[in-house]
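Protein chains: 2
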Amino acid sequence: MKLATLKNGTRDGKLVVVSKDLTRCHPADDIAPTLQAALDDWAASAPRLEALYAKVEQQRIECQPFNQAEAHSPLPRAYQWADGSAYINHVELVRKARDAKVPESFYSDPLMYQGGSDGFLAPREDIPLGDPSWGCDMEGEVACITDDVPMGVSPAEAADHIKLLMLVNDVSLRGLIPGELAKGFGFFQSKPASAFSPVAVTPDELGDAWQDCLIHLPLIVDFNGEPFGRAQVGQDATFNLADLVAHAAKTRKLAAGTIIGSGTISNEGGDGGPGKPVSEGGAGYSCIAEIRTIEMIYDGEASTPFMQAGNRVRVTMEDAQGNSIFGVIDQTVVKAG
Amino acid sequence: MKLATLKNGTRDGKLVVVSKDLTRCHPADDIAPTLQAALDDWAASAPRLEALYAKVEQQRIECQPFNQAEAHSPLPRAYQWADGSAYINHVELVRKARDAKVPESFYSDPLMYQGGSDGFLAPREDIPLGDPSWGCDMEGEVACITDDVPMGVSPAEAADHIKLLMLVNDVSLRGLIPGELAKGFGFFQSKPASAFSPVAVTPDELGDAWQDCLIHLPLIVDFNGEPFGRAQVGQDATFNLADLVAHAAKTRKLAAGTIIGSGTISNEGGDGGPGKPVSEGGAGYSCIAEIRTIEMIYDGEASTPFMQAGNRVRVTMEDAQGNSIFGVIDQTVVKAG
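Protein chains in written order, with the working numbering: chain H, 15 to 351; chain E, 15 to 351.
Do not take every clue at face value.
Which copy is meant is left open, so a pair is good if it fits within one copy or across any two.
[To be verified] Restricting the straight-line Cα-Cα distance to at most 30 Å, the calculated cross-link-like pairs of lysine-lysine (DSBU-like) are: (1) Lys28 x Lys69; (2) Lys197 x Lys290; (3) Lys115 x Lys34; (4) Lys264 x Lys349; (5) Lys28 x Lys177; (6) Lys21 x Lys264; (7) Lys264 x Lys197; (8) Lys349 x Lys267; (9) Lys69 x Lys177; (10) Lys34 x Lys69.
Keep in mind that the hints were calculated from the coordinates and are not lab data.
Construct all of the structure, not just a fragment, from the sequences and the given hints.
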């Protein structure tokens with residue numbers, strides 16, 4: 015099934031069931047007022063939501079048009095957002111640019127940071143940028159939402175706790191990252207609010223494209239109207255989403271509504287070198303930092319600037335028939351204040 | 015006023031107003047069902063809660079007994095928990111033990127990490143420990159809860175957004191910290207669920223002890239029934255709570271219900287050296303890592319072990335008359351699983 019949260023003037027919005035083709039929706043108020051409420055009692059609410067979805071799909075119930083621009087991120091605020099970095103190619107590239115080696119442990123022990131979850135941007139909401147020197151970047155990713163996950167689950171057990179999938183634009187302030195990481199406490203000011211896709215879907219919606227807790231489809235990232243990234247999400251992932259959920263749950267349980275992200279989707283080049291831009295027939299990049307890194311490796315300096323006011327980023331994913339699965343994240347950077 | 019959240023079988027519990035002496039309480043359901051709901055509309059709910067508190071204090075309304083053991087952490091789960099490290103003495107000590115210098119920037123740019131907030135331990139709940147080698151430690155701290163904080167506020171503006179104060183036991187797994195910090199993404203597995211005091215209070219409850227956004231009283235930390243820490247919270251703080259809120263809000267707004275912590279309370283020794291244990295007339299320590307550091311400096315090795323199953327930690331704070339202000343955090347470590 016497909017779920018979304020419509021803006022209704024409240025902090026958590028209103029839960030709706032969305033048709034597979036994203037054209038129609040029906041309120042799910044009588045089942046759960048919000049997506050968090052549904053997740054808080056998922057075992058009871060999921061079958062009822064699935065039944066409503068069947069009615070919507072079979073046109074057995076009157077629907078309203080679904081307008082993606084009226085959608086919040088599926089969880090407008092969440093109790094947990096933890097983002098992994100499963101595509102080590104991304105880490106290798108960024109480190110290669112500064113001649114640093116990737117520690118061996120990174121291939122067996124996932125990188126993950128605790129992100130801010132008190133308020134996400136809506137999928138069509140402007141990205142407020144205080145200072146252009148902060149180096150605003152997009153990061154195209156996928157993420158899952160879990161139900162309650164016990165402490166110490168194995169990856170196989172964790173897989174059963176993946177209830178919904180979304181796309182993410184994990185906004186990053188690259189100019190602030192080196193200073194923050196040097197302090198040793200991880201990201202904070204360098205990770206402002208992220209945005210999620212208008213629609214969250216159950217894994218079965220992906221059909222055969224959902225294998226081994228990975229989505230086997232390309233992530234479509236466009237920048238200022240041009241194709242920028244078409245990286246295969248199912249390729250070059252050192253860890254799948256279940257591995258990341260199990261990592262997060264090693265020393266503590268995770269509460270229902272926990273969002274776990276994949277990190278920036280990143281493919282290796284076919285020839286052993288770094289991936290090529292889309293314009294040169296490559297899979298491109300899911301963030302600006304990667305193309306800058308490649309420019310530094312080849313040209314000695316980065317020529318693509320980070321995002322400025324007026325720049326626009328679009329993140330989506332299509333099924334084999336070219337239909338949007340999650341709806342479209344489409345955001346423009348604006349000067350804040 | 016004083017507020018608490020009673021366990022009622024739901025994830026967010028039930029909001030009650032508590033008498034100043036912590037003996038009585040009255041449900042605040044008719045004003046807001048939960049503390050988060052009250053914070054979501056604080057401008058409207060706070061005056062009504064204050065009016066109820068006045069009735070409770072003046073015994074103009076029938077109350078039920080308040081039992082701290084029935085209380086959740088005031089926010090059983092929160093949308094944000096960010097913990098600073100305002101007491102640089104703590105950082106200096108930990109670094110001195112490994113001959114590392116504190117960077118100059120630490121005295122002007124606060125350290126802060128994004129903590130997990132999807133589920134806190136109740137103030138009297140056991141601390142589940144999966145593996146004793148993880149090096150379980152307590153950290154006695156204070157924290158504030160904010161309403162909605164705009165992006166880019168100054169410390170002076172941030173002060174007005176501090177609505178409630180609490181005590182914290184920020185549980186830390188010291189054995190996992192070096193490995194996680196070496197990975198560069200900050201704390202994750204090394205910071206399992208924390209616990210907060212049974213009662214949250216508005217700053218005015220502290221009277222003259224609330225000055226410059228600091229609490230000028232000692233934090234009482236007992237370990238296995240013995241006095242362990244009596245550090246003055248108002249002393250040796252490089253940053254106050256408003257500085258920390260402003261730091262958190264530099265690149266993004268903070269949503270109502272954001273919890274910002276002070277970091278481990280830590281006082282310098284009077285003679286320029288490290289502080290002495292309580293048993294030797296000193297202010298002691300608010301975590302085991304500090305006494306271990308001092309043992310390493312003086313004896314070449316740490317002799318106080320980290321917490322094991324059966325160990326007990328108690329964190330509280332008393333006014334000038336010896337009355338508990340926030341109630342008592344009282345937790346025992348248990349083997350998990």
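Hints, one by one, checked against the model:
no.	hint	verdict
1	Lys28 x Lys69	within (19 Å within a copy, 37 Å between copies)
2	Lys197 x Lys290	between (34 Å within a copy, 28 Å between copies)
3	Lys115 x Lys34	neither (44 Å within a copy, 58 Å between copies)
4	Lys264 x Lys349	between (40 Å within a copy, 14 Å between copies)
5	Lys28 x Lys177	both (19 Å within a copy, 28 Å between copies)
6	Lys21 x Lys264	between (35 Å within a copy, 26 Å between copies)
7	Lys264 x Lys197	both (25 Å within a copy, 17 Å between copies)
8	Lys349 x Lys267	between (39 Å within a copy, 14 Å between copies)
9	Lys69 x Lys177	within (21 Å within a copy, 46 Å between copies)
10	Lys34 x Lys69	within (12 Å within a copy, 55 Å between copies)
Consistency with the previously given hints fails for number 3 only.
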